[in-house]
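J.: Now for the letters of each chain:
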Amino acid sequence: MALLHDDRLFPADEATRSIARRLYATVRDLPIISPHGHTQAGWFATNEPFPDPAKLFIQPDHYVHRMLYSQGVQLEELEIGKAVISDPRKVWRIFAEHYYLFRGTPSRLWLDYAFQEQFGMTERLSAATADLYFDTISEKLQTPAFCPRALFDNFKMEVLATTDSPLDSLADIQTVRASGWKGRIIPTFRPDSVVDPDFAGFAENIVKLGVQSGNDTATWVGYVAALRHERLRFKALGATATDHGHPTARTANLSAAECEALFAKIRTGGGSKDEQELFRAQMLTEMARMSVEDGLVMQIHPGSSRNHNAGIFKKFGRDMGADIPTQTDYVHALRPVLDLFGNEPGLTIILFTLDEGTYSRELAPLAGHYPALRLGPPWWFHDSPEGMMRFREQATETAGFYNTVGFNDDTRAFLSIPARHDVARRTDCAFLAKMVAEHRIEEDEAFELIQDLTVNLVRKAYKL
Amino acid sequence: MALLHDDRLFPADEATRSIARRLYATVRDLPIISPHGHTQAGWFATNEPFPDPAKLFIQPDHYVHRMLYSQGVQLEELEIGKAVISDPRKVWRIFAEHYYLFRGTPSRLWLDYAFQEQFGMTERLSAATADLYFDTISEKLQTPAFCPRALFDNFKMEVLATTDSPLDSLADIQTVRASGWKGRIIPTFRPDSVVDPDFAGFAENIVKLGVQSGNDTATWVGYVAALRHERLRFKALGATATDHGHPTARTANLSAAECEALFAKIRTGGGSKDEQELFRAQMLTEMARMSVEDGLVMQIHPGSSRNHNAGIFKKFGRDMGADIPTQTDYVHALRPVLDLFGNEPGLTIILFTLDEGTYSRELAPLAGHYPALRLGPPWWFHDSPEGMMRFREQATETAGFYNTVGFNDDTRAFLSIPARHDVARRTDCAFLAKMVAEHRIEEDEAFELIQDLTVNLVRKAYKL
Amino acid sequence: MALLHDDRLFPADEATRSIARRLYATVRDLPIISPHGHTQAGWFATNEPFPDPAKLFIQPDHYVHRMLYSQGVQLEELEIGKAVISDPRKVWRIFAEHYYLFRGTPSRLWLDYAFQEQFGMTERLSAATADLYFDTISEKLQTPAFCPRALFDNFKMEVLATTDSPLDSLADIQTVRASGWKGRIIPTFRPDSVVDPDFAGFAENIVKLGVQSGNDTATWVGYVAALRHERLRFKALGATATDHGHPTARTANLSAAECEALFAKIRTGGGSKDEQELFRAQMLTEMARMSVEDGLVMQIHPGSSRNHNAGIFKKFGRDMGADIPTQTDYVHALRPVLDLFGNEPGLTIILFTLDEGTYSRELAPLAGHYPALRLGPPWWFHDSPEGMMRFREQATETAGFYNTVGFNDDTRAFLSIPARHDVARRTDCAFLAKMVAEHRIEEDEAFELIQDLTVNLVRKAYKL
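Protein chains in written order, with numbering that gives the first Met the number 0: chain U, 0 to 463; chain B, 0 to 463; chain E, 0 to 463.
Hints listed in this document are in silico derivations from the structure and should not be mistaken for laboratory results.
One or more of the hints may lead you astray.
Note that identical chains are pooled: a pair holds if it fits in a single copy or bridges any two copies.
Pairs of lysine to aspartate or glutamate, EDC-like flavour, derived with a Cα cap of 20 Å [as the list claims (entries may be wrong)]:
| hint | residue 1 | residue 2 |
| --- | --- | --- |
| 1 | Lys433 | Asp6 |
| 2 | Lys81 | Glu257 |
| 3 | Lys313 | Asp338 |
| 4 | Lys314 | Glu13 |
| 5 | Lys313 | Glu343 |
| 6 | Lys433 | Glu392 |
| 7 | Lys433 | Asp5 |
| 8 | Lys314 | Glu343 |
| 9 | Lys207 | Asp167 |
| 10 | Lys139 | Asp328 |
| 11 | Lys181 | Asp171 |
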């Protein structure tokens with residue numbers, strides 16, 4: 000008995016499935032390249048065991064607790080937000096009783112993969128097997144093989160990028176590098192805290208940025224210099240990319256004088272909603288300008304309405320499963336930055352979306368034209384078998400495969416990384432197998448493409 | 000020879016089809032639960048035979064006459080809008096000659112089902128068979144087995160909800176209840192006529208509402224009290240739900256003073272377009288507040304641009320097939336009501352859409368988080384095999400199955416009810432069979448799910 | 000060995016594929032009807048050989064050079080925009096080296112078709128076969144069989160419509176008609192240059208229009224009369240349709256006095272952005288009014304953000320692969336023209352879109368109701384196997400098949416015409432085969448439908 004079938008996610012038609020199987024056999028064991036995600040470098044710096052199953056699987060995974068919450072489970076019952084979980088078995092049992100809610104969701108595929116492949120479980124999680132799971136996982140977590148570094152090696156990870164604030168000392172990354180362990184953990188420059196006026200503590204962050212970088216961030220020139228300085232600090236510690244999580248994809252091209260005036264207003268907490276948005280827009284353009292200079296790859300993740308649930312935000316804070324996608328424009332929003340840098344040969348801007356309507360309408364046409372643009376993989380809610388299939392179906396005909404950049408796991412849940420890459424590999428195999436079966440590409444091309452999609456395009460796009 | 004194949008709507012792949020067949024066998028004969036629709040309680044109160052095939056199949060079905068109209072048939076030729084059809088055979092022949100227009104549409108599936116299952120027809124409707132159909136159907140309609148109550152029983156209907164104005168006396172519902180017949184016909188509280196300033200006769204309706212409920216609806220407090228009173232009247236006659244057909248999903252959270260001032264303006268036919276929209280927005284919030292109190296389930300059906308064809312509206316009035324969907328926002332529009340009641344454990348708000356782009360972008364993420372939200376089935380133009388499949392494909396991975404509520408037939412055409420439920424059951428079987436064949440869920444789960452989707456989730460969501 | 004498989008684009012499932020094959024056999028050799036495209040009548044007037052493979056396949060095909068450009072090939076390397084290509088072999092080699100970029104795109108299918116069917120190639124294009132291709136194609140192009148008229152006959156073209164400015168003398172069309180050659184080449188009236196204030200040279204174009212038509216285009220009345228006059232000139236030379244490429248689908252219904260005042264402002268280069276848009280909107284309505292009079296079929300192609308890449312536009316001008324689709328509204332935009340003419344029995348307005356989200360939400364509901372509306376086939380980026388399948392899946396259930404108008408190749412690349420029609424025919428066969436296999440239509444209906452979709456609906460909608 001097994002939780003997972005070897006043919007999962009492959010098309011039912013036998014001829015097509017057999018092509019998918021053969022493709023998958025050639026990439027199943029390739030190394031994992033993780034150029035974008037939200038795991039913690041600290042895990043690898045200290046290499047301490049993960050404390051318990053609830054802390055590992057439930058607390059950091061907003062996919063998991065948002066579904067439970069939607070069906071009436073209170074976040075308090077799950078001890079969300081607590082540094083130490085007082086009754087992890089109780090939390091686990093609640094999860095197990097509600098495991099049927101995940102039927103048909105990618106979380107189910109990811110979790111079953113970890114349960115089977117990492118913990119050897121063979122019976123489905125349910126109220127009846129809750130304790131068996133809890134005990135088995137708890138026990139294994141205390142063994143050396145389940146310490147973060149050992150898992151990293153066991154997962155065949157070639158590189159893992161974290162996502163970090165410019166105000167972060169990156170001490171954990173430095174510790175890892177100094178440790179002698181060969182695992183490649185690299186930071187990603189994510190400046191939301193110092194470029195987004197809506198970010199909590201923005202004004203103080205600007206001040207800290209000045210102190211830290213030795214620039215006068217009370218002036219526009221000093222502020223820009225500080226950012227340039229911190230990017231280089233990240234780059235020196237292995238960073239190859241930046242990441243930008245703005246509410247919209249809007250960019251701007253203001254004059255130096257306009258920038259100075261706008262910054263003066265924004266820096267001190269002033270400015271209307273429109274001016275704050277204009278400031279973010281200008282900062283995306285500044286980041287692109289710096290990427291032309293320093294070569295860092297730019298990732299833009301727009302279109303999430305953050306902290307939509309006021310009650311939950313008040314009690315539990317950010318990232319609690321209450322971010323909701325919004326309609327997103329790219330065609331007009333990106334025009335200013337593309338007018339400046341869209342034709343730059345050395346620049347790579349990777350675009351992501353939560354609005355699937357833009358795949359065929361905006362993103363594929365843009366990436367299929369501008370040399371600076373590439374399409375990131377399906378993001379967040381769309382990082383799923385159906386979501387990935389829609390991306391390939393809707394983007395490939397216009398952008399081709401070579402304007403895409405492989406897979407991102409984008410996860411906070413370390414144990415889900417191999418599962419997520421496995422789902423992505425299988426879904427790409429399924430898509431390519433269908434194209435071969437329908438004689439839209441030939442089989443030798445599919446074998447080349449699956450290698451490209453799995454490792455080559457990632458390495459190239461992210462300069463890894 | 001048959002109009003319908005036993006395997007219709009099941010995937011062609013033999014292995015997948017065989018799973019679909021087995022799933023369908025377990026739900027084919029389950030009772031029909033119809034929690035939302037537009038049939039008339041009067042039919043069951045009087046239990047008179049339906050007069051003729053044209054009156055039964057063509058006149059009430061805007062899917063049918065909109066297609067004929069789009070291809071040059073005049074509504075006058077179909078005697079649309081006439082209380083008695085003077086030449087039903089002629090109308091029927093026009094329909095029969097144009098029956099090929101419905102190829103590939105759900106109307107064709109629904110009609111063929113009724114023709115075969117209820118009237119025993121075996122040859123396709125066409126000019127050649129028009130009279131055979133007309134005579135056969137006419138004859139059967141005069142038999143006791145085709146009276147409304149007999150059909151209701153024959154359809155194995157567990158419950159049928161109508162949709163009614165707060166100004167309706169609900170006399171027909173009372174007659175049915177008093178009749179001794181066991182058929183469960185329940186009303187649904189649909190207050191558009193008294194909460195939408197654009198509704199014809201709005202000002203007079205408010206006055207009537209006051210008289211009827213014994214409240215002074217010239218004041219905000221009296222108006223709200225009147226609505227509360229009428230909801231309870233509906234509830235006493237079996238209603239478990241309300242329904243709201245606003246142009247947008249906008250909600251608001253005004254202060255009592257603002258409500259009073261706005262109502263004073265609106266009540267007398269004043270207020271700008273924006274203020275009228277704000278009033279509707281506030282009234283959605285008021286309805287949610289009352290649902291928290293009285294437990295009625297709230298259905299929101301936004302995004303239809305009503306009476307788009309000015310010429311048709313002038314000649315024939317409302318509901319003539321000239322309503323066109325518009326782009327619909329939920330993320331920002333629902334924020335005010337969700338801030339107030341989104342986390343209420345006792346509240347159920349069922350969201351519908353005519354804008355399929357919102358399934359994966361807004362609706363599934365919202366319903367996969369807020370405990371008060373559920374997703375209604377594909378609505379109106381999207382209540383079709385492809386439409387239902389897109390709903391499952393685009394909503395399930397984020398919202399799961401358990402944040403959905405089963406099927407609504409939503410019809411004015413009584414004879415189409417079993418057909419519509421059959422299409423929904425078959426499409427769900429097809430979707431689940433594909434998931435099983437691709438090993439995304441296991442077979443035992445699919446058997447449980449198909450029961451849930453067919454009856455359990457409906458009963459639970461609508462408190463039936 | 001072959002570049003193309005006989006079963007390409009047919010579903011993998013054997014039972015479904017066999018239906019698709021049988022359907023395709025009945026339409027494979029039907030004549031090509033091309034009611035909308037951008038080939039040049041001059042080719043057929045002079046009947047001179049195409050100069051070289053690069054001039055034939057690369058220069059006019061923005062699908063081809065936009066993909067190369069997106070991956071770092073400079074347009075200068077491809078000699079884009081040059082009247083004579085100085086080193087066509089070098090350009091061809093660049094193309095051949097990058098041919099793998101087109102995997103999964105429709106360009107690949109179109110090109111392989113032309114390579115195999117017209118030039119007899121059997122090995123895939125690559126760096127290794129670049130010279131073989133170049134030499135073979137070059138040689139054949141100099142033979143009589145590859146002159147434009149011979150190709151036209153060989154392609155079994157029944158009619159080919161070009162797209163022309165009202166300022167065009169149509170001398171080439173006249174030459175063709177006078178030549179004795181029987182090929183039917185007809186113009187299409189595309190008035191963007193004289194109705195769009197944003198069009199380069201708009202003010203002078205209005206003056207020219209006056210001179211040419213003998214009307215005083217300094218007045219609204221004279222301007223409208225001039226347009227009416229030129230439409231009739233086109234009609235006399237065989238035109239059956241007009242075409243309108245506005246940024247949006249907006250229409251208006253201004254009074255005569257408002258039109259006069261607006262035109263007075265616009266004609267001389269005045270007017271705000273909003274007034275310019277209003278002018279375009281009014282002109283769509285005027286064109287519809289004239290279509291009611293003169294019977295020309297109206298095509299509306301809205302929603303392209305033209306010349307998005309400022310750098311490319313400055314260096315190379317229009318139509319260089321830098322047009323990007325934008326979100327498009329039809330429901331509100333078309334209301335004014337539909338209020339006036341939506342119920343006109345003699346009028347046909349064919350709607351196109353670059354925003355696939357409108358298929359099921361707006362376009363199918365509109366075309367499934369208004370007698371004057373029909374749906375054009377998938378356009379531009381969506382004229383592809385997946386794009387055509389989405390169109391059928393999303394539009395058919397509401398609009399049916401009979402509110403669609405068959406296929407447009409819409410191409411500047413003459414050699415791609417048979418390939419494009421072949422892809423469309425195969426995709427329609429695949430769609431119908433699936434419907435038959437799933438028992439949603441019967442097989443005899445599919446055979447009738449594939450004839451309708453391939454030739455009958457085109458002839459009827461375009462009055463050919």
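J.: Of the numbered hints stated earlier in the document, which are not met by this structure?
T.: Hints 2, 4, 10 not satisfied by this model.
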